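Chemist: Here are the chains, one letter per residue:
Protein chains: 2
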Amino acid sequence: MFIVDSVQDIQDMARGAVLLGTGGGGDPYVGELFVRAQIKNGRYPKILSCDEIPDDAFVLSIAGIGAPSVIVEHLVSEKTLHRILARAEAFYGRRVDALISAEIGGANSMFPLALGAISGIPVLDADGIGRAVPHIEMTTFSIYGCKATPGIVMDDSGNVITIEAVDDRMAEDLCRVVTGAMGAMAFGALYPMTGKQAKSFAVQRTITQTLEIGRAIRTAREDSRDIFESLIDYLNSWDGRTARILFDGKITDVTHDTRDGWHFGRATMTGLQDSTDECVVEIQNEFLVCRLNGKTITIVPDLISILDRESGEPLTGEMLTYGQRVKVLGYSADPMLRRPESLEVLGPRMFGIDEEFQPIESLLASA
Amino acid sequence: MFIVDSVQDIQDMARGAVLLGTGGGGDPYVGELFVRAQIKNGRYPKILSCDEIPDDAFVLSIAGIGAPSVIVEHLVSEKTLHRILARAEAFYGRRVDALISAEIGGANSMFPLALGAISGIPVLDADGIGRAVPHIEMTTFSIYGCKATPGIVMDDSGNVITIEAVDDRMAEDLCRVVTGAMGAMAFGALYPMTGKQAKSFAVQRTITQTLEIGRAIRTAREDSRDIFESLIDYLNSWDGRTARILFDGKITDVTHDTRDGWHFGRATMTGLQDSTDECVVEIQNEFLVCRLNGKTITIVPDLISILDRESGEPLTGEMLTYGQRVKVLGYSADPMLRRPESLEVLGPRMFGIDEEFQPIESLLASA
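Quick mapping for you: the protein sequence lines, in order, are chains A and B. By my numbering, the letter at position 171 of the first sequence is numbered 171, and the numbering carries on one by one without gaps. Offset between the second sequence (1-based) and my numbering: plus 1000.
The reader is advised that the hints may include incorrect statements.
[As the list claims (entries may be wrong)] Reference excerpt, derived from the structure (chain B facing chain A, CB under 10 Å, subset only):
1) Ala-1171
2) Met-1185
3) Gly-1271
4) Leu-1272
5) Ser-1275
6) Asp-1277
7) Val-1280
8) Met-1350
9) Ile-1353
[Said to hold, decoys possible] List time: in silico DSS-like cross-link candidates among lysine-lysine, alpha-carbon distance up to 30 Å:
10) A:Lys-196 - A:Lys-295
11) B:Lys-1199 - B:Lys-1250
12) B:Lys-1046 - B:Lys-1199
13) B:Lys-1079 - B:Lys-1147
14) A:Lys-79 - B:Lys-1147
15) B:Lys-1079 - A:Lys-147
If you are wondering where the hints come from, they were derived from the structure by calculation, not from laboratory data. Keep in mind that this is a model prediction, so the values were computed, not measured. Each residue gets a CB set at the ideal place from its N, CA and C atoms; glycine is no exception.
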């Protein structure tokens, strides 16, 4: 258990959440501002590890749903957060014992912390994916047996929808169209689960990870140590996981295309050491695949992040611009995401990429 | 009170419902088949007038929602109807005392009769518009103060949505997108109301009207009397209402265009007596305006129907084809629909027609 009682911790967590967002998931900035204001008022989010709650605890995900660009501009209000909780408890017919993030990468790292701060309900140090993904059915919750619905989607005008979908692919479709009708931004109470399910189906210790990623970057910057060395050292300290700087270069071309609520794009970078080296990152909300001189070196669900090469600040897909000097980071996904049942749902082919998943460590060994 | 115990009555009702559908509302044929099968098995829908139920009775609309072309092809199942009722009673927390059609014109004339037949719940001799309209917020229920939600939308695969919208325009948007995600065909339980509201806000005696319209056409045909004379005589027998044959001609041009789930079109007819006479009917799901040689002679919310000139069978917009010989009928809407508060919601400008509503009787007097 730990208490988030410092504004700096929330800033670090938001930075870490952008890195784990792998370019997508929405900018957590608005949520971060909200939680910072709570901490200044002495309302501190309490974080529990999953093994600190009983098996029969009632755990719920609270999330913002919508186009990332809209989430960023949308201020969440305390009233709306209280309404979600009240509605959810009435709908499920029981008190919420703990909150959990559906997706730690990006904006949805902050929603449970925001509600946790104002309600006093603890937030679990875990989430449903350990990164960002564009669809509900791609979470480990969905993949390993905890359905997203029955759930609630509401906006802050007073429209409330409850959804009971036959599967999470349908839940995704319904949430998406309802959110569209609500003006591209809504709030969801989804994935009702037991404490036991949270222990089994969630990716563990991911709030800790956002905090420590953000802190590694900040402290290295403050102490004038090498930011990327500190970051890679930290990430490699996680058991069985591999982090590597994949490329050091300058963005020479970047395309952005928003259609059907998705952000499609491609960033092309040229090497700073050797200008004949070319690195291409394909974007579909998230950074999906990184190719060095035409050869794949990291691919979804392994994580790709792009960071400003001076400040070490992680960047979202929308932030990338021509001429930026960046480093590309590759990081192995949590082992849960690499199992065959996960790859069936969130492997490269689910994004239209005609390649098999290969772990970053194998790709780099053969590069 | 009357009992619908003859297959012929249901056939007549369906015919009358197509006429009141003014080209839209979906073909009631599939629902008609279902109710005919019930009647053959001795399960008869019971029709009550609104003044036969207590003021505090709980009245609910059951409707098919979706693209008319899909409704036509979609067989409703007894299981699905039972599920709607069970879900609705659980959701509202009380037994349904009576069913009411939201829209008597077209397919939704039959859904309450179908559920009434299998459940024994009486159906009110009334509906929410007395014709067909494309949007939820255009019903007299909505206009005069009975909201469509809280309500339920479900499909027959097991997906269930509850909706609580801030207004009926939003309810319309949410129903439309949810139905789209469900494959363009869903079932709704909407407009929870009291017996008192049904007495005040519904258009009265419209089931009787469908039956008697269909019967007037059929019996004239059987007795070799003039079908249109019989029909006009019947319609004019309604207090304060005017029916007239607007045109007798041949379809010389017809356009159909389906976009955003709407059917847009235009039928152009040439006179059979005088081939220089031209009649144009503009279609937007329903027949909206009829112009004779460029002059408007009937306009929404007054009713325009197009009938086969030999059989007297009313036609939907999708049925119109080049070369068909038809008669165009104009009929004044129920007085409730002509009040200023109604015209604000379902007058010509709400369909993008830059004209004021004028009653058919004035338009014809000045023609």
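Chemist: Now, for every hint given, state plainly whether the structure supports it.
Modeler: The hints, checked one at a time:
no.: 1; hint: Ala-1171; result: holds, 9 Å
no.: 2; hint: Met-1185; result: violated, 15 Å
no.: 3; hint: Gly-1271; result: violated, 45 Å
no.: 4; hint: Leu-1272; result: violated, 47 Å
no.: 5; hint: Ser-1275; result: violated, 49 Å
no.: 6; hint: Asp-1277; result: violated, 45 Å
no.: 7; hint: Val-1280; result: violated, 34 Å
no.: 8; hint: Met-1350; result: violated, 19 Å
no.: 9; hint: Ile-1353; result: violated, 26 Å
no.: 10; hint: A:Lys-196 - A:Lys-295; result: violated, 42 Å
no.: 11; hint: B:Lys-1199 - B:Lys-1250; result: violated, 42 Å
no.: 12; hint: B:Lys-1046 - B:Lys-1199; result: holds, 18 Å
no.: 13; hint: B:Lys-1079 - B:Lys-1147; result: holds, 27 Å
no.: 14; hint: A:Lys-79 - B:Lys-1147; result: holds, 25 Å
no.: 15; hint: B:Lys-1079 - A:Lys-147; result: holds, 25 Å
In this structure, the earlier hints numbered 2, 3, 4, 5, 6, 7, 8, 9, 10, 11 are contradicted, and the remaining ones agree with it.
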